[in-house]
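**Q** Sequence:
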Amino acid sequence: MRKFRKVLDGLTTSSPGATLGSPSCSSGAGTPTAAPTPKEIDVQETLVSENFQLCKTVRHGFPYQPTALAFDPVQKILAVGSRSGGVRILGRPGVDSFCQHESGAAVLQLQFLINEGALVTACADDTLHLWNLRQRRPAILHSLKFNRERITFCHLPFQSKWLYVGTERGNTHIVNIESFILSGYVIMWNKAIELSTKTHPGPVVHLSDSPKDEGKLLIGFESGTIVQWDLRGKKADFRIYYDEAIHSVGWHHEGKQFMCSHSDGSLTLWNLRNTTKPFQVTFPHGKVQKDGRKESCKPILKVEYKTTRTSEPFVIFSGGLSYDKAGRRPTLTIMHGKAITVLEMDYPIVEFMALCETPYNNEVQEPYAVVVLLEKDLIVVDLTQSSFPVFENPYPMDIHESPVTCTAYFADCPPDIIPALYSIGAKHKKTGYSQKEWPITGGTWTLGSHAYPEIIITGHADGTIKFWDASAITLQMLYKLKTSKVFEKPKPGEGRAAELVEEDPFAVQMVSWCPQSRMFCVVGISAHIILYHFSKYEANTQTVLLEVRLQCESEDVISPSENENDPCISESGSHSPQPYPRQPASPVSGTTEGIKPSIPCLKVKDKTVRVPPGYQAELVIQLQWIDGEPPQQITSLDINSAYGLLAFGNCNGLAVVDYLQKTVLLCMSTLDLYGASDPYQRLTRSPRRHRQSTSGLTELSDNQQSIDMERSKSPTSATESRENSFSRSRSSSVSSIDRDTKEAITTLQFGESYGRKSDALTTPCLWVGTSLGVGLLIPMSIPTDQEERMEEPVTFGPSGAVLMLKGSVLCFAFLDCMGTLIQSPYEAWRDINAAEDPDRPRKRKLVHFSPESSQETYGDGHLAVVCSERQAKVFLMPSQSCLFVHNITESSFVLRADVVSVSNSVCLACFCANGHVMTLSLPSLRPLMDVSYLPLTDMRIARTFCFTNGGQALYLSSPTEIQRITYSQEMCDNLQEMLGELFIPIETPEVQNRGFLKGFFGGNAHTFDREELFGEAAAGKASRSLAQHIPGQGGMEGMKVAAGGAVGELARARIALDERGQRLGELEERTALMMTSAEVFSKHAHELMLKCKDKKWYQL
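If you read the sequence shown in our numbering, its first letter stands for residue 30, the second for the next number, and so on.
In case anyone wonders, no lab produced these hints; they're calculated from the structure.
We put the beta carbon where it would ideally sit given N, CA and C, even for glycine.
Be careful, since some hints might not be right.
[Said to hold, decoys possible] 25 Å max Cα-Cα, derived SDA-like pairs, lysine to any residue: (1) 1120 x 1110; (2) 105 x 122; (3) 511 x 987; (4) 263 x 324; (5) 518 x 653; (6) 565 x 875; (7) 634 x 704; (8) 85 x 133; (9) 174 x 185; (10) 220 x 1054; (11) 306 x 327; (12) 465 x 364; (13) 285 x 327; (14) 509 x 565; (15) 306 x 331; (16) 691 x 820; (17) 367 x 386; (18) 174 x 137; (19) 306 x 274.
[As the list claims (entries may be wrong)] Across the chosen pairs, the derived CB separations fall in these ranges: (20) 568 x 481: 53 to 63 Å; (21) 934 x 865: 41 to 51 Å; (22) 815 x 481: 56 to 66 Å; (23) 481 x 1105: 57 to 67 Å.
Whole structure, please, built from the sequences with the hints as guidance.
**A** So this is what it looks like as structure tokens:
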């Protein structure tokens, strides 16, 4: 507990123009004696550095650029590898783990140690990694780096500790999984093929052990050569030389046949009795042409050959379509007997895998589903039904259905909002899914004791809004809203307007949501705003349109000043902003005197339409085109349901709309807002005639706007190279920008405050932050009576204060004199479409709105927290004294800042362009945490990073994934409890009884001892220069990060103890068997001795 005291002395009555002179101003602010001013600010700050720790919690969405797939048929968990080195491990809903290779090398292949709680990954940097899945945060136990050869294929037989590794040179190496050391046993390519062969067979593309005999290894080379290698005899049993390149091989479970897929779109079936030619050659999608030749087909990249007890085998493959059918979508073909089913996919197929009942390759496979990994989706096909329906995916794999352009994160929402959204969204779910349960059911997950309602909102390039239930570190879609339905469908136009229409005219730029009143506001890229209300009932509505002309007629030119960055707090003069003429709602206006016709990109539907339950559009605001020029992008927005007001701004000025009366109240340029209080000396010039340049939402430019408010031409038009090009930070503060740059409105906040120094009571106010580091306070007068509120206008007073900071203003927040966060007033939600009781007419229920309650809440004043790109300041209201100031960064700039609640207190959280995440105490602005977490490599992170209460934050880590993090020590400590278990102890299924004749004539696959062949005693040591063993960090450090302390160490010790006990148990069993065997041997030897005791040597 730390106590801060601030004594304000020397407070005397002064003129309205009095200002503070230095950044560290502790006194000298003129304050009228009539104003209530506390003589002492007594705030007990409870937050300390120990309350903060930064760590990742969970990642949602589809793995970006997937490359590999694996499945554990016993544990029933799925792993997906990606090009950036990430691995996602999925089980039942709630079991979702992400792990990342530090090298960032692409994952080439994944191999589960089936039912062992481990995973082997082969990466593009020719390194093998062994991951321990017996902890909630997987970690690497061992790594093996190949130095002279490139890895192309891996195979790990079931219940084997020896991993076969094929290389680009055509050699096959063998790795001990337990020690992760190479065996001296190597199958060299020149030994595998005949000596008479003059050409290299190419890289190894397939490795598998024969189901009939584990001592036989089938090696497939890219050129078309197939070799069955006798591991015991160290020689080839047979060699096949085929003309077409091989892509994959699949065994029949009896081990007498195997099938190959080739680059010419053919499938070949080979019988081991005669390997001179294929038993069968088929072109599944190649038709015979008139001249008798087959159509040329695309390669079949993978084939799986799976048997069933009750019907014909399944042959499942990807690719193989004929070349002449251009434009056809990627396909997965399922051949079952004579029936051929072609499933068209939305995206290219990366990998697929049949899910089978048994882990043994020498048993009838009984496939029940096929997992298909696409470039941008993951689907599972039900093989048990003839129509092959897909399973409904319980994971949020469609975040990127349309590119994400903005995000918002709300923790501690009202408990009734999630059921309300879910009940509406459930009515619009797709149908036609398989009736069976999702087959990937591994792991365990329970709802932790620290769960509370959380909602994530994503805005997309096509204008859709998605509400997600993010409670308990899971993610489930609740409700989807299409903002494009408010507008007529765009038609191909003519002239300049058509040229300027955006590629994504409905793209969502920002959102503002009040969970208590359920009012929702969307800002679109075409300079439009849509206001929605929530209703449980469908209704016939006509959306109201307001057109606003927000185009300043003067350029704000700043003349150099020595103290341009100094704080300046002043009372305004007699100037009062002239209210915008009250403009009632109307259709799109025609022409204005002296102005060319406006050419809106989007036309609002002017007919009454039937809208379903959920969010229903109430008002659309469109910025007008001026002189054929499109309006500037909207850069800031705030809505307040208690006031019934909506404010927005751009680089030209500010507008305030009364959405209850559907009128525009205020529309002014930024310069006019200052009146006589302008801290800069500005000259006016004629307006520029050329169009303001726009930059993508994914691009960072050195202008006056903060990154999360960047204007965009199209969120999807920026190239990836442009996204990744950012590696710099601003070298000068925003207030020293080019002298001809306009001053943009960067943030807005409605709230109860003191409009002037002389005010004794709080009044509704609008706080305005600009790109020049100026904070303006505009008091308002709002009728309190409900009937008067619907008829009388809202009026605005002169600017009550001008607060100066370095850099663009990012956020405002308010604390009472005890340091508690003051929430903005709001209106409790009411369904306007519900049937009204004539005896009890519905009234607006306002919370924390009346002057009396405000006075009780605020006491003798309150604190205003203002944060900009460079610094944070805390002001005492109404005296406007600067109590605390902290320069956040000099070499970089803040991208996102929010005042959030953590551990029953509040702090200021900041994310900087250099990747630092910082927290500052309030109100003293003491640094509590500063972690270099995430270097800003592209603008997607800057655009989507957002903080919320409870010490949480999120950002879009890739175009398809949301990464959630926490900076709360308490949540880090509880994270282990919240995550799901990936591994559950399950008994391995027993081998099916094959029968005496099958076992006798089919060979015995269980007599093969790999240890005897591959161990150091028999095979010797491998060359040290061939591969380097690297101990993993999966021990203590990985566990500490995952568990956040001693809990992880205890868990690791417990796991190690369990494993040791299991090994001791196995050793004890083997010892008992040896003792029994020794006793039997002793007994037989004694009987033999007695039998031969009295016989002569010649009688033996």
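**Q** Does each hint hold? Answer for all of them.
**A** Hints, one by one, checked against the model:
no.	hint	in the structure
1	1120 x 1110	holds (15 Å)
2	105 x 122	holds (12 Å)
3	511 x 987	holds (23 Å)
4	263 x 324	violated (42 Å)
5	518 x 653	holds (19 Å)
6	565 x 875	holds (21 Å)
7	634 x 704	violated (39 Å)
8	85 x 133	holds (17 Å)
9	174 x 185	holds (18 Å)
10	220 x 1054	holds (21 Å)
11	306 x 327	holds (23 Å)
12	465 x 364	holds (22 Å)
13	285 x 327	violated (28 Å)
14	509 x 565	holds (15 Å)
15	306 x 331	holds (21 Å)
16	691 x 820	holds (11 Å)
17	367 x 386	holds (24 Å)
18	174 x 137	holds (14 Å)
19	306 x 274	holds (15 Å)
20	568 x 481: 53 to 63 Å	violated (32 Å)
21	934 x 865: 41 to 51 Å	holds (43 Å)
22	815 x 481: 56 to 66 Å	violated (33 Å)
23	481 x 1105: 57 to 67 Å	holds (60 Å)
Hint compliance for this structure: hints 4, 7, 13, 20, 22 are not met, and every other hint is.
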